[in-house]
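As they're listed, the protein sequences go chains A and B.
Residue numbers for the first sequence follow our numbering, so the first one is 1 and each next one is one higher.
Residue numbers for the second sequence follow our numbering, so the first one is 1 and each next one is one higher.
Simulated from the structure, these hints should not be mistaken for lab results.
Among the hints, a few may not be true.
If several chains are the same, the list does not tell them apart, and a pair holds so long as it fits within one copy or across any two.
What the hints assert, rightly or not - Derived BS3-like pairs (lysine-lysine); straight-line CA-CA distance at most 30 Å:
1) K147 to K253
2) K12 to K34
3) K197 to K249
4) K388 to K147
5) K5 to K396
Protein chains: 2
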Amino acid sequence: MLQTKLFTRTKKEAPSDEVSKNAKLLIKAGFIHKEMAGVYSFLPLGLRVLKKIENIIREEMNAIGGQEVSMSVLQDKNLWEKTDRWEDQKVDAWFKTKLKSGTELGLGFTHEEPLTVIMKSFISSYRDLPKYVYQFQNKFRNETRAKSGLLRGREFLMKDLYSFHESEDDMLNYYDKTKDAYFKIFNRCGLDAIYTKAAGGAFTASYTHEFQVVAPVGEDTIFVCDQCRYAENKEISNLKEGDSCPLCKGKIKKEKSIEVGNIFPLGTKYSEPIGLTYKTEGGEERRVVMGSYGIGLPRLMATVVEVFSDERGIVWPESIAPFSIHVLVLGEDGEVFKKADKIYEDLQNKGIEVLYDDRHDISAGEKFADADLIGLPYRVVISERSLKEGGVEIKKRTEEKGKIINVDELMNLLVPRT
Amino acid sequence: MLQTKLFTRTKKEAPSDEVSKNAKLLIKAGFIHKEMAGVYSFLPLGLRVLKKIENIIREEMNAIGGQEVSMSVLQDKNLWEKTDRWEDQKVDAWFKTKLKSGTELGLGFTHEEPLTVIMKSFISSYRDLPKYVYQFQNKFRNETRAKSGLLRGREFLMKDLYSFHESEDDMLNYYDKTKDAYFKIFNRCGLDAIYTKAAGGAFTASYTHEFQVVAPVGEDTIFVCDQCRYAENKEISNLKEGDSCPLCKGKIKKEKSIEVGNIFPLGTKYSEPIGLTYKTEGGEERRVVMGSYGIGLPRLMATVVEVFSDERGIVWPESIAPFSIHVLVLGEDGEVFKKADKIYEDLQNKGIEVLYDDRHDISAGEKFADADLIGLPYRVVISERSLKEGGVEIKKRTEEKGKIINVDELMNLLVPRT
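The shape of chain A in the complex, shown without the other chains (with noise of 0.2 Å):
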């Protein structure tokens, strides 16, 4: 894309009331307009990044047979009331809403009960079970502090699967096929996510675990074995900072967190209020066993910006950066200028995504300083230095120092994205 053509600029400041470094950051470098506290809307840098990492959930869950769908925002009162979750005593995080005609309406903060409702008329013998369904829907949380940017939003972006199974103990091996494929996601996403056992909440006696991500920003606290990785939420942890690990030799250390994803086992949490149930081979009635799996986008997108980022900008890993290389042509010089756009075209012909910074009248400074804040993971400087040299200066945003390659290296660096 030409830089030209690209509609948002970066930004000197910030909103003075954003506190958050992953929304500052963000902000400046234009990927997302602050709309209030804990709502955002995504500009197109953002709107790219989302988009990776949202097709790398969904590769992930379809490997496990995830189903798509795309449940409503709106919800009915008389639902929510059956498993008790409606009245703001119960769950504080509603934004409610109404009908002209007065009737009270919920938008959802998440969909267990109306997709059981809807599994209602899909399952009704041990022959329909075991099915996975996932969506990507907007979530609505009425937080009252939403001051950690992307992190906390009362609005977001979720993938939430939900799986539904004969019994706890085939719930119990899905769940560790899902545990396997979030693994997976988030290192794809570069992040270094650690399984982390945690209280069951409102949702299951039992445990519930969380993948946690070591950052200082995070709300978190866990107790994480140096060695094996084994790791409890300081919530329901009785360790403490220099234990010993109970599975293995490693030493216990205390580590703030932000939680990138959790999964909870439901049990019949759901299925016995609404009455989802199914027939055995023998002819039995019982209620469906439920699993829910849920991953925030967003807060993937700003967990990833807070771990990978200088006081320059964003350190974008290559998987879920907007584009693969950023081109910057130095110099006011027609020729010089014509050899960046052929490069340029080269590429983009190549199938690489490519930002092309084709902007005169701006200073090699202040393109350098777009492109560290920008933070895509290759730099490639087009200047009549550059090309007296052999070709184009090339440099990883990781990297301090550039060198030189010539136009055919270039060529062959990239693979495209498939």
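Assemble the complex: chain A is given as a structure, and chain B must be docked to it using the hints.
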């Protein structure tokens, strides 16, 4: 996809309160689930159709320079007061909600206001113009009557494009480009849309334009020339059935129709109160001239169902069908199943999108009825008889009778979706 894996099934009946043909057929065929009047969830088959429509629209929006964003659902009251569109007396379609602090918020029924604010950050000079920005986002409209299925939703996915210009002339020039893009979109979805002059309404003093598809269920009435297709919405027309066309020798006909898209010249209606201005080359400050351009995706899908269906079910155009081919295996013979499995795999490997009815213990009649209801463009039957006759029986959904072709012919019949 294997039909034994697909979690949906066809149903004998739609809910008794569902009166529209489009929703009845889509519910019976397992494409959507009714949450409440005017609110539907999209199941795997329905979501596939919606995504295909979305991709067609995205391609045509990108082709006319559109840059994709995603704005928030939650809307700030203060902003909408500036344009005098907050009060229920002014805009009767709002769903409203509240933060815990008591601050009122709205759920976006359109997005002119927030986008105009965003563009204030990025437009200051004539050099920043023109710009074209679009999104796919859920719109919320508190409709009193919502009995038309997907034709009139309280919550629905919309593509909304907004354009920003130096002058009325430049805007009208782009308005024509969008008109052409819209014709391409509707044509690619199999619809024959009529460009219709309509009332300016709340948006503009002058005329706007609608794209209307003739259908008995339509809530609109248009007068359209049987020769040159010049058309006016009854709301603003002085024409009547049988009149001579004002532009050619044709005769005017009166038709019921569905509005599948609309385009509005907005002028400075939003840039003025929000203060979106730019400096001309001469340094003069002027208001940015805007246009807006909408397509409701579920309504487009519903229009296709209303127009292309028969007493047996839906008849999807190839471009937006959830799969291209429905492969049916008949009988219980293991050898026949093996051959059918192989054909399914070979088609999949060629990149053809196939739904494979691999169910056992279902009669041929039931499989045929399901295939007709779901309405994929091609039905391929594999049975002992077809194999004896030299291959498979292929039939288009639009044809009454199938014919036997050999497997090689089948493999070369369809090209993969790109």
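Here's how the hints hold up against the structure:
{"no.": "1", "hint": "K147 to K253", "verdict": "within (27 Å within a copy, 59 Å between copies)"}
{"no.": "2", "hint": "K12 to K34", "verdict": "within (15 Å within a copy, 48 Å between copies)"}
{"no.": "3", "hint": "K197 to K249", "verdict": "within (19 Å within a copy, 78 Å between copies)"}
{"no.": "4", "hint": "K388 to K147", "verdict": "neither (50 Å within a copy, 70 Å between copies)"}
{"no.": "5", "hint": "K5 to K396", "verdict": "within (25 Å within a copy, 45 Å between copies)"}
When the structure is compared with the earlier hints, a violation turns up for hint 4 alone.
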